[in-house]
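Colleague: The lines below spell out each chain.
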Amino acid sequence: MSTLRIAGGRIVDPANGINDSVGDIWIKDGRVVDPPAEPDARADRTIDARGCVVMPGGVDVHSHIAGSKVNAARIMRPEERRTEDQVMRRWASFRSGTIGSVPSTFTTGYQYAGLGYTTAVDAAIPPLGARHAHAEFGDTPLVDKAMLVLMGNNHAILDAVRVGDPHRIKQTVAWLLDAAKGFGVKAVNPGGVEQWKQGGDRLAGWDDRVDHFNVSPREIVSSLARAVDALGLPHPLHFHGLNLGVPGNWSQTLEGMKAVEGSRLHLAHIQFHSYGGSPDQAGDFDSMVAPLAEYVDAHPNLTVDVGQVMFGETTSMTADGAVGHYLANLHGRKWFNLDVEQEDGCGVVPITYDDRNYVHALQWAIGLEWFLRVGDPWRVALSTDHPNGASFRTYPDVIALLMDRGLRADVLKSLPERVRARSGLGDLSREYSLSEIAIITRAGPARILGLPWKGHLGPGADADVTIYTPGHDKRRMFALPRWVVKGGEVVVDDGELRRAPAGRTLFSGMDVDAGVRGELEQWLAREASFHPASFRLGVGDLADPLEVGRREGI
Amino acid sequence: MPENTGTTSRTIEPFTCVQCGCLCDDVRLVIEGGRIVDAVSVCAIGRAALVGVNMEPETGPAALVRGKPIDVEAALDEASRILLGARAPVIVGLDQSTNETVGRAVALGDRIGAVVEVGDFSTTGPRVAGFQRRGRVSATLGEIKNRADVVVFWAADPITTHPRHWERYSVEPIGRFVPEGRAGRKVVVIDEKRTPTAERADLFLALEPAGELEFLSVLRALVRGVESDPKRVEAATGCGFEALVELAGILRDARYGGWFTGALAGRGAVELAEARHQAVTALVRELNQHARFVSIGMGEPGNARGAEDVLAWQTGLTPSVDLGAGYPEALPGATSAAHRLARGEADAAVVVGDISLDHWPAAARESLARVPFVFIGPPVNALASSAAVAFSTGTVGLDEDGSITRVDGVSLPVRAIRARRYPTEREWLDDLLTRIEPPAALSSDGPGAGMVSS
Chain E
900 MSTLRIAGGR IVDPANGIND SVGDIWIKDG RVVDPPAEPD ARADRTIDAR
950 GCVVMPGGVD VHSHIAGSKV NAARIMRPEE RRTEDQVMRR WASFRSGTIG
1000 SVPSTFTTGY QYAGLGYTTA VDAAIPPLGA RHAHAEFGDT PLVDKAMLVL
1050 MGNNHAILDA VRVGDPHRIK QTVAWLLDAA KGFGVKAVNP GGVEQWKQGG
1100 DRLAGWDDRV DHFNVSPREI VSSLARAVDA LGLPHPLHFH GLNLGVPGNW
1150 SQTLEGMKAV EGSRLHLAHI QFHSYGGSPD QAGDFDSMVA PLAEYVDAHP
1200 NLTVDVGQVM FGETTSMTAD GAVGHYLANL HGRKWFNLDV EQEDGCGVVP
1250 ITYDDRNYVH ALQWAIGLEW FLRVGDPWRV ALSTDHPNGA SFRTYPDVIA
1300 LLMDRGLRAD VLKSLPERVR ARSGLGDLSR EYSLSEIAII TRAGPARILG
1350 LPWKGHLGPG ADADVTIYTP GHDKRRMFAL PRWVVKGGEV VVDDGELRRA
1400 PAGRTLFSGM DVDAGVRGEL EQWLAREASF HPASFRLGVG DLADPLEVGR
1450 REGI
Chain P
300 MPENTGTTSR TIEPFTCVQC GCLCDDVRLV IEGGRIVDAV SVCAIGRAAL
350 VGVNMEPETG PAALVRGKPI DVEAALDEAS RILLGARAPV IVGLDQSTNE
400 TVGRAVALGD RIGAVVEVGD FSTTGPRVAG FQRRGRVSAT LGEIKNRADV
450 VVFWAADPIT THPRHWERYS VEPIGRFVPE GRAGRKVVVI DEKRTPTAER
500 ADLFLALEPA GELEFLSVLR ALVRGVESDP KRVEAATGCG FEALVELAGI
550 LRDARYGGWF TGALAGRGAV ELAEARHQAV TALVRELNQH ARFVSIGMGE
600 PGNARGAEDV LAWQTGLTPS VDLGAGYPEA LPGATSAAHR LARGEADAAV
650 VVGDISLDHW PAAARESLAR VPFVFIGPPV NALASSAAVA FSTGTVGLDE
700 DGSITRVDGV SLPVRAIRAR RYPTEREWLD DLLTRIEPPA ALSSDGPGAG
750 MVSS
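As given, the protein sequences belong to chains E and P, one line each in that order.
Oh and the first sequence: position 455 is 1354 in the working numbering, straight run, nothing missing.
Oh and the second sequence: position 35 is 334 in the working numbering, straight run, nothing missing.
Think of the hints as simulated: they come from the structure by calculation, not from any bench.
Any given hint could be a false lead.
What the hints assert, rightly or not - Pair by pair, the computed Cβ-Cβ distance ranges are:
(1) P/Arg642 x E/Gly1417: 58 to 64 angstroms
(2) P/Arg334 x E/Gly1439: 25 to 31 angstroms
(3) P/Asp552 x E/Asp1309: 53 to 59 angstroms
(4) P/Arg734 x E/Gly1370: 44 to 50 angstroms
(5) E/Ser901 x P/Gly384: 35 to 41 angstroms
(6) P/Glu644 x E/Asp1254: 44 to 50 angstroms
(7) P/Arg386 x E/Gly1370: 41 to 47 angstroms
Claimed, not checked - Computed, partial: chain P to chain E, Cβ under 7 angstroms:
(8) Arg554
(9) Thr617
(10) Gly625
(11) Tyr626
(12) Pro712
All C-beta atoms in this analysis are idealised placements derived from N, C-alpha and C, irrespective of residue type, glycine included.
Could you build all of it, start to finish, from the sequences and the hints given here?
Modeller: Below, the structure is given as structure tokens:
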């Protein structure tokens, strides 16, 4: 394979302690390599990056880009994809597509790469939805993909948690992950979705019991977090908490952080879980980021992604069916719900975040507070919970807000006055540096995911590189990278998308005890509406699969 | 795989049957003497289609041009010539094809600027339009199996059309929350006539198709507790008021209810199908204020649902998408391929699969007889002999593997069970894609609108 040299750029590579230092990056066979020993060595191609900012490719730790709920949202919302600015035209060998809040597959890949992102994780695939989701991954080029497999309401898991046998829980996790060819484990409102499916009341507290299964959210989450660590999975348990969006939920969020002491935990779209007030008094709604951020900073086993809300039209989609039902009733708009046997399902509802709406404006401020209050940027990842808070296409806007307190103040001024009293955002003068932006958009998410060859530009790293033209307008800078390199190929060349390699599918290889597998498949044959042989995917069902190793020393 | 001849018997399992919308994936086939001699866990429909199938059928020509056998390369050249010369092509069929094949067909449509339409638009169009207005509250079939204590068949007769639905998914299975199986479920049939399914129901309500929409609205009102005038209700629906009140009570008192509908959500006028789909969703949504309730289609044979899904994920739109402008557009009615043909606006066609054109307007069928079209499907077929170019394929599930999708969105693998006689649908489409090069890029012109956020 040919060599590529990115010459003379301002390298921002925080994982390797390089902060805006001029140098060269050498690339060979899809990897970053040491510069050649000979001083006059020439590369097959040299990009003159003088004056430009060179960062690793972006890594999205939490997004919804594939599978049945994403596709239902596409089908349900043609109204979002009818105008000229919401389509991508067929061009050369590029496929046409549509955008809206949930772009079609090829367009999703093109749009991510157009922003300099080269890796994206779909955060919520039910085991039974994996075959469909992997098929969509195969049609989503340019980014490496991975899926987190939903297990927090899984009947086999809940049964195992009730019995309380750690080996059994661990093997059940391994079995589900292997069947789905997933990368990591996700728990959404653990036990609460099952309870809602049974027609029961909301599980409001960590020690409420799930009917029939007789387990609590605390037992489910602590068991899953321990199993994920014991299996040596690269990424910790990825957790969507209790009471998403409910005023006063911050106290359960804090309790959850404490409940997993001793295990790693990633808390997803934490913005939606940081609300003060009480469920019955919407007027009391306020920000409780400060005590939560302080707790995260003090506990290295915890990481978060934000789930930033940006104003405008989008589509909410969640495996938390109860939340989908709540939003459908709240907004009175069209509602898609799909209950999936054995595990969760999804709710999809259009939503318009309106800057004149006090609640929406406060959600916006609470998200930004998270970025600004967590002292250690390695522990907080940029996400909009695409498309829930906003499309991933708004990332440049989020970055601009983080880098410019004046911009934040301008927006804050235009919001309902109560927001300034109920959130501390106005007092936060911190401005993100380029290096900190590189941490929350690539280096940090790669570390949180446990992918040591991503998110940095040291020798051996994936040759995923984004080169920006710096400027005062940070939104423009991050929206229009000048070059993007994916796996050593220049895919965005001088601002134009030129190539669309497929991107790989990352999955965690699992050893499943044959006896446990046999028992669980027999159970599945009794309980499911399909044959167990239809459930388990093979590596051949994945597009360009790449098995990811276990963590050492766990 | 080579087949044992002689008297040795072997079995193939699990096999996925595509003969009705159940898509049972637990079938066992018994092979003896080069034929399928028995099938276990199948219904009469599946049995009739599968038993007797020859594992080593005779092979005919792989390609025909105007009905005459021809060299494959020449046929591919001729098909490419037709498609490259077309200004307004359509691609139709695909609802018997694997998801993977549909993906290739959409790629071809994107390249040549075609209208791609999967399945029968006269039934898919109203359903998708209804979904786009109101959404849908649904579930996978295993949720019905495990949770449902109330099951409604709305103008549907699964005992006749989906024989294993009753035993496998909806009524008889022992479920986690329905340990009594059949005895633990209240089964309601609402239909025009006392069907075989109605005979086995706990409650049957006879309903004239013309009254279906009113029935759904009245039932929703009763579920909500709206005061209704019994005389007006009876006049609108033709049903007794007391029976309707009883039904509303059964639905509202459900722990988990399943409402099953056929493709048109009733037997009434096709023109009202979209309204009926919306009314079913509105009713089910209302019921979710009182109970958990979902609606699920009965499902079509083959892969109608999967074809819709693939078209949607690749373009963002479904079930009929116009790629002629260089990007996907869908305007219901205006982009129906059959109507394009009927209006004489299509100048070439690709037909994928052994599809029925019975649902097409007569003018569209006549138009297909006039325009050059490429057929990719089984060799012994009326379409194959009338096509400008016909490419012979095997049968999905027997000769071609891949994945298909059940009506509830569950994707299932299908696995070829006999040695292939012809290339697969997917391979023919790949051959055409290889020949029809993408248009050369204009150096100054990028991928266009929407490259980055604005």
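Colleague: Indicate, hint by hint, whether the structure satisfies it.
Modeller: Results for each hint:
Checked against the given bound of 58 to 64 angstroms, the beta carbons of P/Arg642 and E/Gly1417, roughly 59 angstroms apart, stay inside it. In this structure, P/Arg334 and E/Gly1439 meet the distance hint of 25 to 31 angstroms, their C-beta atoms being roughly 30 angstroms apart. Between P/Asp552 and E/Asp1309 the C-beta distance comes to about 55 angstroms, which sits within the given range of 53 to 59 angstroms. Look at P/Arg734 against E/Gly1370: about 46 angstroms separates their beta carbons, and that is inside 44 to 50 angstroms.
In this structure the supplied range 35 to 41 angstroms holds for E/Ser901 paired with P/Gly384, their Cβ-Cβ distance being about 39 angstroms. For the pair P/Glu644 and E/Asp1254, the beta carbons lie near 45 angstroms from each other, so the given range of 44 to 50 angstroms is met. For P/Arg386 paired with E/Gly1370, a C-beta distance near 45 angstroms keeps the hint of 41 to 47 angstroms intact. The criterion of a C-beta within 7 angstroms of any C-beta in chain E is met by P/Arg554, whose closest approach is roughly 6 angstroms, and the hint holds.
The beta carbon of P/Thr617 comes within 6 angstroms of a beta carbon in chain E, closer than 7 angstroms, and the hint placing it at the interface holds. Using the Cβ-Cβ criterion of 7 angstroms, the hint placing P/Gly625 at the interface with chain E is satisfied: the shortest such distance is roughly 5 angstroms. Because the beta carbon of P/Tyr626 sits about 4 angstroms from the nearest beta carbon in chain E, less than 7 angstroms, this interface hint is met. For the restraint placing P/Pro712 at the interface with chain E, the shortest Cβ-Cβ distance is roughly 6 angstroms, inside the 7 angstroms limit, so the hint holds.
Figure legend: structure checked against the earlier numbered hints; every hint is met.
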